[in-house]
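Residue numbers (full-length UniProt numbering), protein chains in the order written: chain P, 1 to 428; chain Y, 1 to 428.
Hints are computed from structural coordinates only; laboratory data are not their basis. There's no promise every hint is true.
All copies of an identical chain are treated as equivalent in the list; a pair is satisfied when it fits inside any one copy or across any two copies.
Stated by the list, open to error - Distance condition first, Cα-Cα at most 20 Å in a straight line; then the derived EDC-like pairs of lysine to aspartate or glutamate: (1) Lys31 <-> Glu256; (2) Lys328 <-> Asp255; (3) Lys401 <-> Glu23; (4) Lys153 <-> Glu36; (5) Lys340 <-> Asp192; (6) Lys168 <-> Glu88; (7) Lys340 <-> Asp46; (8) Lys153 <-> Glu117; (9) Lys5 <-> Glu23; (10) Lys49 <-> Asp373; (11) Lys240 <-> Asp63; (12) Lys401 <-> Asp222; (13) Lys168 <-> Asp415; (14) Lys335 <-> Glu27.
Protein chains: 2
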Amino acid sequence: MKPIKVGLLGLGTVGTGVVRIVENHQEDLKKQVGSEIEIVKIVVSDVNKQRSIAVAPDKLTEDAWEVIRNPEIDVIIEVIGGTTTTKEYIVEALNLGKHVVTANKDLMALYGGELLEIAQRNSSDIYYEASVAGGIPIIRTLVDGFSSDRITKIMGIVNGTTNYILTKMTQEGASYADVLKEAQELGYAEADPTSDVEGLDAARKMAILARLGFHTNVDLNDVSVKGISSVTKEDIQYAKRLGYQLKLLGIAECDENQVSVSVQPTMVSNSHPIASVNGVFNAVLVTGEAVGETMFYGAGAGELPTATSIVADLVAVSKNMKLGISGKRVNAMYKPTVLKTDEQISSKYFLLLEVADRAGVLAQITQELAKFDVSLQSVLQQANEHSNTAEIIVITHDASKAAITSLLETFNSMDVIHQVKSVYRVEG
Amino acid sequence: MKPIKVGLLGLGTVGTGVVRIVENHQEDLKKQVGSEIEIVKIVVSDVNKQRSIAVAPDKLTEDAWEVIRNPEIDVIIEVIGGTTTTKEYIVEALNLGKHVVTANKDLMALYGGELLEIAQRNSSDIYYEASVAGGIPIIRTLVDGFSSDRITKIMGIVNGTTNYILTKMTQEGASYADVLKEAQELGYAEADPTSDVEGLDAARKMAILARLGFHTNVDLNDVSVKGISSVTKEDIQYAKRLGYQLKLLGIAECDENQVSVSVQPTMVSNSHPIASVNGVFNAVLVTGEAVGETMFYGAGAGELPTATSIVADLVAVSKNMKLGISGKRVNAMYKPTVLKTDEQISSKYFLLLEVADRAGVLAQITQELAKFDVSLQSVLQQANEHSNTAEIIVITHDASKAAITSLLETFNSMDVIHQVKSVYRVEG
Chain P
1 MKPIKVGLLG LGTVGTGVVR IVENHQEDLK KQVGSEIEIV KIVVSDVNKQ
51 RSIAVAPDKL TEDAWEVIRN PEIDVIIEVI GGTTTTKEYI VEALNLGKHV
101 VTANKDLMAL YGGELLEIAQ RNSSDIYYEA SVAGGIPIIR TLVDGFSSDR
151 ITKIMGIVNG TTNYILTKMT QEGASYADVL KEAQELGYAE ADPTSDVEGL
201 DAARKMAILA RLGFHTNVDL NDVSVKGISS VTKEDIQYAK RLGYQLKLLG
251 IAECDENQVS VSVQPTMVSN SHPIASVNGV FNAVLVTGEA VGETMFYGAG
301 AGELPTATSI VADLVAVSKN MKLGISGKRV NAMYKPTVLK TDEQISSKYF
351 LLLEVADRAG VLAQITQELA KFDVSLQSVL QQANEHSNTA EIIVITHDAS
401 KAAITSLLET FNSMDVIHQV KSVYRVEG
Chain Y
1 MKPIKVGLLG LGTVGTGVVR IVENHQEDLK KQVGSEIEIV KIVVSDVNKQ
51 RSIAVAPDKL TEDAWEVIRN PEIDVIIEVI GGTTTTKEYI VEALNLGKHV
101 VTANKDLMAL YGGELLEIAQ RNSSDIYYEA SVAGGIPIIR TLVDGFSSDR
151 ITKIMGIVNG TTNYILTKMT QEGASYADVL KEAQELGYAE ADPTSDVEGL
201 DAARKMAILA RLGFHTNVDL NDVSVKGISS VTKEDIQYAK RLGYQLKLLG
251 IAECDENQVS VSVQPTMVSN SHPIASVNGV FNAVLVTGEA VGETMFYGAG
301 AGELPTATSI VADLVAVSKN MKLGISGKRV NAMYKPTVLK TDEQISSKYF
351 LLLEVADRAG VLAQITQELA KFDVSLQSVL QQANEHSNTA EIIVITHDAS
401 KAAITSLLET FNSMDVIHQV KSVYRVEG
């Protein structure tokens with residue numbers, strides 16, 4: 001049988017992992033696909049660089065276009081990242097009828113709709129399991145496993161860096177700044193951590209998941225995003241005391257074809273399975289109308305999980321080639337995108353207010369809550385020892401985002417409320 | 001496009017769910033498959049029985065063979081259960097080139113290897129996702145998601161009834177007998193609960209999972225099984241005190257192509273993600289060489305999750321038909337089955353001993369442990385208030401099953417040890 005020929009763009013840690021897995025599992029892969037899989041060309045930035053694996057020098061090249069346009073090559077694996085030149089590479093590869101496997105979440109979040117269309121037009125496959133939660137086969141699960149159900153909610157911890165930081169803050173009572181510094185030293189956070197800590201990375205992944213789950217082309221700009229950089233030690237302590245864990249959650253919901261997608265630090269009840277997902281682990285909870293809650297848990301990133309995920313996609317793409325069914329994966333976004341309004345987005349909220357410590361304040365606050373039709377699940381007031389202020393913690397029942405926004409505006413204008421210190425969504 | 005024609009064997013709660021989902025999701029299914037899916041015949045035991053759904057009378061029949069042999073029908077869905085006549089039905093359907101979707105774990109555990117072979121010979125599909133953990137797409141995950149990795153361990157809570165019982169015993173301090181009775185009243189346990197509580201149901205599911213994960217034909221007789229009927233309140237209390245949850249775990253392991261599969265009540269460390277899986281929920285933790293630990297959590301059974309799972313299989317089978325790739329799913333058991341010996345099966349153990357309350361007993365016991373090369377993680381002795389006996393709790397480091405068996409024989413022959421009260425495997 002003719003071998004499947006692969007061109008690999010990038011030989012960093014993930015690319016190296018891909019080469020290793022394809023070599024070490026050659027026998028197993030052959031049994032699954034029915035023919036050999038051979039990485040024939042690898043694009044690197046410097047062919048003379050020292051590497052941790054032995055690669056035949058004639059396989060290495062610095063010319064990506066040469067590889068993309070090589071008529072011998074069936075599949076392009078892209079692990080170089082970036083969204084401009086990389087997009088050109090991938091578009092050209094698809095237009096030439098090659099299949100593409102990528103781990104590039106930025107690319108898929110920004111141009112996923114467009115790329116899927118180009119692929120379909122050319123009967124090419126584009127697979128991207130590794131772009132979201134490397135160690136969890138969540139994309140194939142959404143595409144295949146839920147084919148007979150309607151997904152109503154996808155909620156998850158999809159960024160390992162922020163989960164590591166929040167876990168450490170919770171377990172050690174440490175501050176955000178200290179834990180971030182430690183995470184950077186350990187290599188869990190980038191020197192410029194913005195994309196992770198401000199929730200942008202999670203937003204990209206949630207856009208990808210929402211599209212697959214709800215069959216509608218959610219734009220990255222449709223995702224409402226808040227990161228963890230303003231989470232305080234105090235917030236974490238309150239969460240703990242009240243039986244919650246503070247987690248950066250991506251939440252995508254769909255009711256009657258109206259969707260909302262958001263990323264924000266969220267108080268998760270200890271009894272909820274997602275509350276015990278700690279450290280760099282990821283978890284995605286999918287709620288189906290019929291199947292109820294299903295949770296997928298695993299490593300979010302890391303070279304080996306990501307490389308494994310890429311090779312699993314390579315196997316799927318190779319099988320499709322052998323079977324002559326390339327480009328037929330059903331991931332059509334056949335529904336128009338209708339976003340929920342703030343009136344329609346509903347959840348419980350945690351509010352932490354600093355107020356004047358005098359009689360009648362709590363009554364005033366609860367009156368405002370009632371006015372905006374926000375009902376209380378619990379309320380707690382405690383005096384500050386060293387000042388004439390008090391803190392009030394409110395947990396609401398389900399309230400609309402619009403009501404909470406109006407309520408907070410009113411709170412900000414009230415004299416007895418010195419400060420709205422924290423506002424968090426509550427789940428579970 | 002020609003519709004896919006389905007014959008349904010059985011119209012109990014799951015069968016009814018299948019009919020409802022296929023009707024309600026007709027539009028979505030059509031978009032996914034490319035043609036309509038039509039249930040044309042339903043086999044029931046009494047066509048005149050009152051039913052909760054409206055079914056055209058001419059669709060109902062009491063003659064299963066008529067449906068199996070109907071040349072119009074493409075796919076048989078089997079939800080009648082049983083393993084004798086049902087097996088004949090399925091063999092005939094496959095031999096006639098029809099595809100089969102079944103939720104029948106007993107059938108697949110007993111005759112899976114044989115049925116897969118018959119299917120392959122006839123280029124027919126046989127899909128059985130609903131046979132294990134209805135609400136978790138674990139079978140397709142093992143088949144597709146881990147195709148590029150080597151699975152070394154599959155560990156799970158795969159029986160909801162026993163997990164419900166153990167959860168209640170833990171949360172309420174209730175006895176096994178009381179909780180079983182309650183579970184029977186609530187319909188969570190059968191009138192004859194043997195298959196669940198003695199671990200047989202879990203063993204069947206583990207045999208199915210081990211075959212898929214390790215590519216080897218694990219026989220049901222190869223599974224070592226112990227149920228929960230002898231678990232005491234005291235065991236649960238000790239587990240709690242020591243930071244463990246007692247769970248009925250199925251554990252399948254594979255090292256260098258040698259496998260072991262077992263089901264037994266196991267102490268699971270609270271910090272392990274499986275420890276927080278409570279009630280009727282199921283969870284399966286899959287460890288891949290590269291990907292590390294991945295856990296899948298969801299409803300284990302229930303009409304809707306099971307029916308949803310069946311329809312997802314129906315979608316997959318229908319897509320394969322349209323694509324002309326039926327019978328090509330790779331689930332080959334291409335490796336010979338080599339079982340681990342008791343010397344090779346290794347884990348930590350919890351031992352609860354009733355001993356004479358006098359000096360030197362602990363020393364004697366630790367000497368025996370050393371003799372059998374079993375090292376201690378922790379040991380705890382406490383006197384019984386109302387007798388001159390004491391209890392010793394030992395948690396070992398990793399020890400071979402063979403060493404523990406010999407050790408227990410020795411313990412049983414020692415005068416100072418009145419009774420080996422409990423022995424549990426420990427995980428996490």
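Results for each hint:
Only between protomers do Lys31 and Glu256 lie at most 20 Å apart by alpha-carbon distance; the minimum there is 18 Å, versus 44 Å within a single protomer. For the identical chains of this complex, Lys328 and Asp255 are neighbours neither inside a copy (28 Å) nor across copies (37 Å), given an alpha-carbon limit of 20 Å. Taking the shortest alpha-carbon separations for Lys401 and Glu23, neither the intra-copy value of 52 Å nor the inter-copy value of 35 Å comes in at or below 20 Å. When the C-alpha separation of Lys153 and Glu36 is checked against a cutoff of 20 Å, the pair qualifies neither within a copy, at 40 Å, nor between copies, at 27 Å.
In this assembly of identical chains, Lys340 and Asp192 lie within 20 Å of each other by CA distance neither inside one copy nor across copies; the values are 33 Å within and 50 Å between. With identical chains, the CA atoms of Lys168 and Glu88 are never at most 20 Å apart, being 41 Å at best within one copy and 58 Å at best between copies. For the homomeric pair Lys340 and Asp46, neither the shortest alpha-carbon distance inside one copy (49 Å) nor that between copies (48 Å) is at most 20 Å. Taking the shortest Cα distances, Lys153 and Glu117 never come within 20 Å of each other, neither inside one copy (25 Å) nor across copies (39 Å).
Only within a single protomer do Lys5 and Glu23 lie at most 20 Å apart by alpha-carbon distance; the minimum there is 13 Å, versus 44 Å between protomers. Taking the closest pair of Cα atoms, Lys49 and Asp373 never come within 20 Å of each other, the shortest separation being 65 Å inside a single copy and 50 Å across copies. For the identical chains of this complex, Lys240 and Asp63 are neighbours neither inside a copy (54 Å) nor across copies (61 Å), given an alpha-carbon limit of 20 Å. Taking the shortest alpha-carbon separations for Lys401 and Asp222, only the intra-copy value of 15 Å comes in at or below 20 Å, while the best inter-copy value is 56 Å.
Within a single copy, Lys168 and Asp415 get their C-alpha atoms no closer than 36 Å, and across copies no closer than 50 Å, so neither meets the 20 Å cut-off. With identical chains, the CA atoms of Lys335 and Glu27 are at most 20 Å apart between copies only, with a shortest distance of 12 Å across copies and 42 Å within one.
Checked against the numbered hints above, the structure breaks hints 2, 3, 4, 5, 6, 7, 8, 10, 11, 13 and satisfies the rest.
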